[in-house]
Each structure stands twice: as C-alpha cells, then as structure tokens.
Amino acid sequence: MEEKNIANSSLGKKVLEKIQMQKVKPSPRWVFLLKNYSAWVIGVLSLVVGSLASSVVFYMLMNNDWDVYKNVDDNLFSFILLTLPYFWMILLVLLIIVTDYNLKNTKKGYRYSTVIVFITTFSVSIFIGAILYNFEVGRIIDNAFADKVPVYEAMFHKMNHRKKIWMNPDRGLLIGIVSDSENGNNFVIKDFQNNTWMIITEQAEFIGKTEMITGDGVRIIGKREGDNLFRAMKIFYLAEKRWLTPPPDFMRPHDFFLGPHGHMPPPPIQ
Amino acid sequence: MEQNKILEKTDEELVDLVLEDQEFFLHIMERYEKKLLSYILRISNISFEEAEDVLQNIFIKVYKNINDFDKSLKFSSWIYRIAHNETINNFRKNKARPQIIRENKRGDDDLLILDKIASNIDIEKEVNDKYLEENIATLLEKIDIRYREVLILKYIEEKDYKEISDILKKPMGTVATLLNRAKKQLRTEIEKDKRYHSLI
Numbered sequence: 001m002e003e004k005n006i007a008n009s010s011l012g013k014k015v016l017e018k019i020q021m022q023k024v025k026p027s028p029r030w031v032f033l034l035k036n037y038s039a040w041v042i043g044v045l046s047l048v049v050g051s052l053a054s055s056v057v058f059y060m061l062m063n064n065d066w067d068v069y070k071n072v073d074d075n076l077f078s079f080i081l082l083t084l085p086y087f088w089m090i091l092l093v094l095l096i097i098v099t100d101y102n103l104k105n106t107k108k109g110y111r112y113s114t115v116i117v118f119i120t121t122f123s124v125s126i127f128i129g130a131i132l133y134n135f136e137v138g139r140i141i142d143n144a145f146a147d148k149v150p151v152y153e154a155m156f157h158k159m160n161h162r163k164k165i166w167m168n169p170d171r172g173l174l175i176g177i178v179s180d181s182e183n184g185n186n187f188v189i190k191d192f193q194n195n196t197w198m199i200i201t202e203q204a205e206f207i208g209k210t211e212m213i214t215g216d217g218v219r220i221i222g223k224r225e226g227d228n229l230f231r232a233m234k235i236f237y238l239a240e241k242r243w244l245t246p247p248p249d250f251m252r253p254h255d256f257f258l259g260p261h262g263h264m265p266p267p268p269i270q
Numbered sequence: 271m272e273q274n275k276i277l278e279k280t281d282e283e284l285v286d287l288v289l290e291d292q293e294f295f296l297h298i299m300e301r302y303e304k305k306l307l308s309y310i311l312r313i314s315n316i317s318f319e320e321a322e323d324v325l326q327n328i329f330i331k332v333y334k335n336i337n338d339f340d341k342s343l344k345f346s347s348w349i350y351r352i353a354h355n356e357t358i359n360n361f362r363k364n365k366a367r368p369q370i371i372r373e374n375k376r377g378d379d380d381l382l383i384l385d386k387i388a389s390n391i392d393i394e395k396e397v398n399d400k401y402l403e404e405n406i407a408t409l410l411e412k413i414d415i416r417y418r419e420v421l422i423l424k425y426i427e428e429k430d431y432k433e434i435s436d437i438l439k440k441p442m443g444t445v446a447t448l449l450n451r452a453k454k455q456l457r458t459e460i461e462k463d464k465r466y467h468s469l470i
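As given, the protein sequences belong to chains W and L, one line each in that order. The first sequence begins at 1 in this note's numbering and counts up one residue at a time. The second sequence begins at 271 in this note's numbering and counts up one residue at a time.
None of these hints come from the bench; they were simulated from the model. Ideal Cβ positions, reconstructed from N, Cα and C, are used throughout, including at glycine. A couple of the hints might just be wrong.
Listed below are several chain L residues computed to face chain W (Cβ distance under 8 Å; list not exhaustive) [said to hold, decoys possible]:
{"id": "1", "residue": "E290"}
{"id": "2", "residue": "F294"}
{"id": "3", "residue": "N335"}
{"id": "4", "residue": "D338"}
{"id": "5", "residue": "T447"}
{"id": "6", "residue": "N450"}
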C-alpha cells in the first residue's frame with residue numbers, strides 16, 4: 001500500500017511542481033459565471049430577435065394579397081413559393097440555431113435534446129411573434145428596414161413587392177394616385193409608370209372610402225377595356241402614405257420568376 | 271491534517287480544501303490517477319508514457335478550472351468530463367500518426383471487460399469465451415471512438431446514464447442511443463472477425 005502511494009504520488013508531485021513552476025492559478029469564479037450568464041443572455045436575446053422576425057413573417061403572410069393571387073399566378077402553390085418572406089424565415093431559423101447553441105452551452109442545457117430545444121424555441125418565437133404582430137410590430141420593423149437599408153427596400157420590403165403586383169392592368173390589377181376626381185362617379189388616376197387611366201366605377205365596390213378626391217391613393221381590381229380605360233369591380237382606398245411612392249426599379253429575387261411587373265405573363269388571348 | 275481524516279473527506283470537501291491550500295490537490299490526484307490512466311488507455315490507442323502526459327495535462331486543467339466545479343454534479347463526473355475532453359483532443363491530434371500496438375497482456379482487467387461487455391451485447395452462443403478473451407481489446411479498438419467511450423464508461427467505469435450524460439454533456443436519450451449503436455457495432459465487428467478467421 002505504501003509502495004503504491006509512493007509510486008502514485010510521483011505523478012501527483014510532478015503535476016504539483018509544474019503548477020508551482022508555471023505559477024498556475026485557478027481561474028476566478030467570476031470568469032465561469034460570466035461565461036454561463038453570457039450564454040443565457042445571448043440565448044434569450046436570439047429568442048427575442050427571433051420573435052421579432054416571426055412577427056414580420058406574420059405581417060408579410062397576412063398581407064400577401066391572397067384574394068388576388070389568381071391575377072398574379074394561376075397556380076396557388078407557385079404563388080405561395082414565389083411570395084413567401086424567405087429573408088425573414090431564414091433569419092428566424094438562424095436565430096433559433098443560435099438560441100439552441102447558447103442554451104446547450106449553459107451549465108445544464110446539454111441535458112435537453114436538440115429536437116426539444118428547437119421545438120420549444122420555435123414555438124415560443126411564433127407565439128410571441130403572433131402577439132407582436134397584433135401590435136403592428138411586424139409592419140413597423142418592415143418599414144423601418146425599408147427606410148434605413150436601401151438594399152432591403154429594393155429587395156424585400158413587402159409594400160414595394162405588393163405595389164409591383166398591383167402594377168398589372170392586363171391581369172386586372174391597377175394602382176395609382178387620383179389625378180382628377182371631377183368626372184361624376186368616375187375618376188382618373190396616374191399609375192407609377194406615369195400612365196393615365198380613366199376608371200369606370202358604376203359597378204365598383206368601394207372599400208375604405210366612398211368618394212375619391214385628387215391625391216388619394218387607390219388599388220383597383222377590375223378589367224382593362226382599352227389602352228387607358230379600366231372598369232373597376234373593387235376600389236381600395238390607400239390610407240398609408242407609403243403606398244403613394246413608386247417602387248424602386250431594382251430587381252428582386254422574385255422578379256426573376258414573376259417578371260419586372262411582379263406577375264406571371266397574362267394568359268393567351270383565346 | 272491527519273491522513274485518516276483526509277481519507278474520510280468527500281471529493282467535494284477536498285475541493286474546498288484545495289482552494290485554501292494547493293497541497294490538498296495531491297490527494298485528489300491520488301484518488302483519480304489510476305482510474306483516469308486506465309480510462310485514457312482504453313479510449314485511445316497511445317503508449318503508457320503518452321497517457322501519463324495526457325493525465326498530467328488533465329490534472330493541470332482540473333486545477334485551473336476548480337472554481338468551475340458545480341456541486342450539483344458529482345465530482346467524479348466533472349473530472350471524467352475534463353479527462354474525456356482532453357483525451358479526445360489528443361486522440362484527434364494523433365489520428366494521423368502510426369498507431370501504437372500495445373502488447374495485449376491478458377490480465378484481470380481484460381477478463382473484467384469480457385465479463386461485463388459480453389453479457390450485455392447479446393452475441394450468438396457460438397462465440398465462445400476463449401475467442402472473446404483473446405480478441406476483446408482489439409475488437410474494441412476497431413469500433414468508433416464515440417461508441418467505445420460509452421461502452422467503457424458504462425461497463426468498466428460502471429457509470430449510470432446520468433453520470434455518462436454529465437461526462438459527455440449529452441442528453442440521456444442520446445447516451446442510450448449511443449450505447450445501443452455501440453453494442454451493434456461491436457457485434458458486427460465480432461461477426462466480421464469470425465468470418466475472417468474461418469476463411470484463413
């Protein structure tokens with residue numbers, strides 16, 4: 001036993017000598033506490049930002065002009081594929097991965113399986129995102145990015161994307177600003193390409209406002225009846241001022257598939 | 271402090287003493303030197319001298335990180351975790367080097383491995399004790415290191431699922447999966463080896 005202790009302690013003594021020679025000291029406790037708290041803070045922050053991203057996803061999905069998809073693409077499935085908010089969805093997934101990584105690096109986080117952490121993080125992000133969406137947070141974030149980040153405005157901003165979809169008279173969609181409202185019930189608009197259109201309103205349903213005046217923004221569903229004539233079925237008043245500025249010319253990823261006017265080519269004339 | 275009183279101290283109490291006086295670290299090293307050395311040698315295919323070097327690095331790391339020891343964990347799980355990480359790092363660094371062929375001395379330890387693993391991997395009756403006795407160490411070295419380490423932790427180090435989970439920092443469900451795959455892979459190696467020997 002004594003021999004064993006002597007033999008065993010030689011390695012121990014070597015280690016102790018090394019520790020003393022190299023002046024090795026135990027790292028202070030606050031270093032480990034800081035590491036652990038940082039992992040928690042980053043994990044929770046990613047979850048919060050993920051929730052904000054999911055509120056934008058909700059906003060974009062709820063304002064995707066589902067009711068006029070047939071005017072954009074005859075196939076609902078391809079319309080969905082082309083209009084999903086990929087930027088925010090990819091960002092949401094990346095943030096969930098960051099949350100998972102940081103939670104796994106906390107003292108006890110490794111005990112939970114990746115699947116459970118993913119599902120929990122995803123569900124919490126979606127739940128909080130839905131609440132934030134109801135408080136218009138998604139729209140505010142989308143507009144704020146459009147104001148501050150030119151590339152975002154050109155490529156991902158929901159409203160610009162929607163404007164391009166509505167610049168589509170051959171498929172029955174029109175958007176513009178009222179330039180003359182003194183034509184009885186009818187009025188004249190100028191679209192974002194500076195074309196002038198006479199809008200016939202006798203069969204139209206007005207939504208948001210019943211009488212348009214000069215300077216009002218409108219979206220119209222109807223049918224083109226001539227070079228500058230459009231018969232309206234539904235007229236939407238555009239209260240938000242952002243609708244009144246033309247979208248940038250920058251090509252978006254969607255445009256490669258939808259064409260520069262944000263729609264599939266019109267069906268062949270029969 | 272008298273030797274007897276030190277022997278009565280738990281690992282966790284010794285840790286508190288180490289923070290007051292460095293010399294108490296010797297007693298922690300004495301308690302774990304032999305266990306960790308066998309663990310390093312079983313996991314990685316390195317020489318005894320290299321294993322001792324790895325062990326020294328492990329103990330220095332343990333000392334440096336002693337303030338990180340969380341008392342809600344068993345100290346043995348914590349020190350095995352550091353040993354595991356250091357051994358794997360060393361194994362990965364040396365993977366490219368020519369493998370050491372250690373003299374396969376069959377002693378009590380190999381019979382211990384044989385007894386514990388063989389009864390748990392559900393092998394065919396035709397595979398007899400003598401075959402396993404001669405080949406178990408070689409067969410273990412053939413399987414993936416991730417599987418080898420769980421087999422060794424479970425059947426040699428006699429750690430339970432929670433301890434293995436704390437050592438490897440993986441969920442208990444993952445530990446159970448790794449163990450099943452380890453047994454499967456070991457069975458496959460035994461079958462391959464049997465077929466090879468029947469052909470030559």
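Checked hints:
1. E290: Violated: closest Cβ of chain W sits about 11 Å from E290 (chain L), beyond 8 Å.
2. F294: 10 Å, violated
3. N335: 6 Å, holds
4. D338: Holds, because the Cβ-Cβ distance from D338 (chain L) to chain W comes to roughly 4 Å (cut-off 8 Å).
5. T447: 10 Å, violated
6. N450: Violated, because the Cβ-Cβ distance from N450 (chain L) to chain W comes to roughly 16 Å (cut-off 8 Å).
The earlier numbered hints that this structure contradicts are 1, 2, 5 and 6.
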